[in-house]
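Protein chains in written order, with the numbering used here: chain A, 861 to 1258; chain B, 13 to 323.
Quick caveat, the hints were computed from the structure, so don't treat them as lab data.
Possibly wrong hints are sitting among the right ones.
What the hints assert, rightly or not - Here are the simulated DSSO-like pairs of lysine-lysine, each with C-alpha atoms no more than 30 Å apart in a straight line: (1) A:K1044 <-> B:K65; (2) A:K1158 <-> A:K1249; (3) A:K983 <-> B:K65.
To be verified - Not everything, but these chain A residues come out facing chain B in the computed CB check (under 7 Å): (4) L901; (5) T902; (6) N943; (7) E945; (8) P1038; (9) D1101; (10) A1181; (11) A1183; (12) T1185; (13) G1199.
Unchecked claim - Residues from chain B that keep clear of chain A, each with C-beta distances beyond 12 Å, as calculated: (14) V18; (15) L158; (16) F160; (17) V197; (18) L225; (19) I293; (20) A298.
C-beta: ideal position from N, C-alpha, C; glycine also.
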Amino acid sequence: MKRLSRRTVLKSAAAATAALAYPFQVQAQAEPLRVGILTPLTGAGGNDGPRMLKAMQAVFDEVNKSGAFGRKIEITVEDDQTNPEAAVRAARKLIEVNKVSVIMGTWASAVTAAVAPVCWESKTFIMTVSGADPITLLPHQGFLVRTQPNSRLQGTAHGEFVASLGAKRLGIIGIQAPFAIPTKEYLEAVMKAKGGAVVSHVIYEKDKSTYRSEIDQVMREKPDFLYLNGYAPDTVVVLRDLYRANINLGKFCQSYAVPQATLDTIPPEVSEGVMTGQPSADVEGSAYKSACDRLGLKEIDGYVAQATDWASLAVLTVAKAGAATGVALKDTVRKVSQGGGTKVYTAVEGLKALAAGKEINYEGASGPCDFNEIGDISGCRFRYMKVAKGKLEFLKLV
Amino acid sequence: MEHYLVAMGVTAGIYAIMALGMNVIWGMAGLINLGLVGFFAVGAYASGLLTLKLGWPIVAGVAAGAVAASLVGVAVALITVRLRGDYLAIVTLGFAETMRIVMSNELWIANGTDGLSGIPGPFRQALGPHGFNLLFLGIVVAATALLFFLFQRLDNSPFGRVLRGIREDEQVVQVAGKNVVMFKVKAFAVGTAALGMAGALYGHFTSYIAPDLFAPLLTLYIKLSLLAGGLGNNIGAVVGAVLVVFFLESTRFIVPFIPEISAVQGAALREILIAVALLLILRTRARGLIPERLAQVRIPPSVPASLSLKP
Chain A
861 MKRLSRRTVL KSAAAATAAL AYPFQVQAQA EPLRVGILTP LTGAGGNDGP
911 RMLKAMQAVF DEVNKSGAFG RKIEITVEDD QTNPEAAVRA ARKLIEVNKV
961 SVIMGTWASA VTAAVAPVCW ESKTFIMTVS GADPITLLPH QGFLVRTQPN
1011 SRLQGTAHGE FVASLGAKRL GIIGIQAPFA IPTKEYLEAV MKAKGGAVVS
1061 HVIYEKDKST YRSEIDQVMR EKPDFLYLNG YAPDTVVVLR DLYRANINLG
1111 KFCQSYAVPQ ATLDTIPPEV SEGVMTGQPS ADVEGSAYKS ACDRLGLKEI
1161 DGYVAQATDW ASLAVLTVAK AGAATGVALK DTVRKVSQGG GTKVYTAVEG
1211 LKALAAGKEI NYEGASGPCD FNEIGDISGC RFRYMKVAKG KLEFLKLV
Chain B
13 MEHYLVAMGV TAGIYAIMAL GMNVIWGMAG LINLGLVGFF AVGAYASGLL
63 TLKLGWPIVA GVAAGAVAAS LVGVAVALIT VRLRGDYLAI VTLGFAETMR
113 IVMSNELWIA NGTDGLSGIP GPFRQALGPH GFNLLFLGIV VAATALLFFL
163 FQRLDNSPFG RVLRGIREDE QVVQVAGKNV VMFKVKAFAV GTAALGMAGA
213 LYGHFTSYIA PDLFAPLLTL YIKLSLLAGG LGNNIGAVVG AVLVVFFLES
263 TRFIVPFIPE ISAVQGAALR EILIAVALLL ILRTRARGLI PERLAQVRIP
313 PSVPASLSLK P
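The shape of chain A in the complex, shown without the other chains (with noise of 0.2 Å):
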């Protein structure tokens, strides 16, 4: 009983002193953040998966790094194979060995919808990047956001682009994904309206080492814009395939499709000319900006920004709600990544003005990060560029 109350004592004076010395280390005290990372870092999604972990990892650093957090950052990764099974098996060990609070980094529509379920149920927040509309009309009570935008955003947005660039007769050809039918549903509905039309749609199978008798498909209506909804893997395909056959019409794909590492591997003129649009945030923010430096990037792809955020918004909610559990974070994740609060464009920036008491709103790389009440984000712009001689070069935002 004496020495019981001699350590009590003993913490309460060093907690005391700490406290009044140096306001963090109390907080320093307090339950660590812990995230998993489970995302693709072999199989399909190997491509993207190695990115987005890096661009997670140099978050939690930087935030860590700064000491403005007040909690330490634990992270455990793990591959999800871009398999459902080995993904659910994964989320379980994160959840009940590693205690984690959130899981982020989920990338094939089927990975993210095996692996909520294990989530909402263990009350864990998961933030993810699947594009498929059905995602988040899933029963997961909050526990899922997506920075990713749903198809009607997407197909709209890139259908307008497209037409801007004088596009009467679309081709589309991709790969058999949730988001295939209706992004060509929305595309189509943009076309209509602009007076063009989609003239082809083929859908192929992934995997394969040749499309040509798909492209054979998809240019039979003489289309004179192609739409290539793949990703990156076959989305290089495609293209050496088209420059094979030397086909010159105007090509657009998501950023991710073909993103500057995958640029590196081929020619050049392979690439020439293709367009490129992913998520975006404010011209005037410094988000995008911040997360390429971090990275020492000049140009990401809308991948790497989403990680980004995802990270960045964890640590700003858990901060904000002063307990880092799901819970917390499902509650709590709205009060920094939107309102009328104080703009912040990094992790450490959103920390320090929280810190002054100011109420935030985290603007994103990938876009201002307000989500509706079912975890889909409600708007945003989208930032297009340009392949010029290998290299991504910026056009516009629109």
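Put chain B on the given structure of chain A with help from the hints.
Showing chain B alone in chain A's frame:
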């Protein structure tokens, strides 16, 4: 930690059911079926659709999943009846991929690549996640035990003997007057029923299935289970499945302790370890940890007098 072990126990049980089913086809009858995941998909989709859309009870759904997979198994067996060895392997692999592509593209069947979500599980709401996992562990262990018992009986019966005969030499069995085609079809029917049941159980456990789930990765894990445990015997199948899940999961805990490697390299290393394990097993214990025990046929040292031919 214990909740995690329970969930992995369920996974191991479902792997074991698949390994048991696979053992009838591949281990006993020697028919190399790489389309495992296709039958798993049939079971999962049949049960998922029936319970979700038509409101069937889960038990009926699982039974229907097993029956549906079995019927498809019979059809595949009849189509491939003249194929053996590598040829059969490649056609069955093609069957599984066909299933996956059909389910991805025929959106009207089960939402295509969006998958089926919200598949009911027994007392999922009432028990909460941890209670539900425990209950399901019980169900899966019971199902594994039941199948083990049934397949053990099968293995020791004349039926099992004929299957082993087909595996060793089809023509000899034919000469002995057995209808080889019929036996092969029956082996497929029984084995794929177990695969379908595993698929149905998996769907009810995780509540979500999608075509991406039915990639060949799972087939390889089960193949590895059988090779590790010992092809051709049921104990080996169960032990192998548990070992594979243990191995897959334990590498998660070991890899982070290896210094100087990044998470990406760690992930690749896990896959390499699995390949190395397979190679080591094939090199050092080609017949698995628990080799199949065959009845020894004793050749008497000399011919008894009563049987010797009299001049």
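Against the structure, the hints come out as follows:
1. A:K1044 <-> B:K65: Since the Cα atoms of K1044 of chain A and K65 of chain B sit roughly 28 Å apart, the hinted pair holds (cutoff 30 Å).
2. A:K1158 <-> A:K1249: holds (15 Å)
3. A:K983 <-> B:K65: holds (28 Å)
4. L901: holds (4 Å)
5. T902: holds (5 Å)
6. N943: Since the shortest Cβ distance to chain B is 6 Å, the answer is holds.
7. E945: Holds, about 6 Å.
8. P1038: Hint holds; P1038 of chain A Cβ to chain B Cβ min 5 Å, cut 7 Å.
9. D1101: It is violated, given that the least Cβ distance between D1101 of chain A and chain B is near 21 Å, above 7 Å.
10. A1181: With a minimum Cβ separation of about 23 Å from chain B (threshold 7 Å), the hint on A1181 of chain A is violated.
11. A1183: Given a least distance of 21 Å, the restraint on A1183 of chain A is violated.
12. T1185: Cβ of T1185 of chain A sits 16 Å from chain B, so the hint is violated.
13. G1199: violated (31 Å)
14. V18: violated (9 Å)
15. L158: For L158 of chain B, whose nearest Cβ neighbour in chain A is about 23 Å away, the distance exceeds 12 Å, so it holds.
16. F160: holds (23 Å)
17. V197: holds (29 Å)
18. L225: At roughly 5 Å from the nearest Cβ of chain A, L225 of chain B sits no farther out than 12 Å, so the non-interface label is violated.
19. I293: At roughly 21 Å from the nearest Cβ of chain A, I293 of chain B sits farther out than 12 Å, so the non-interface label holds.
20. A298: holds (27 Å)
Hint violations for this structure: numbers 9, 10, 11, 12, 13, 14 and 18, all remaining hints satisfied.
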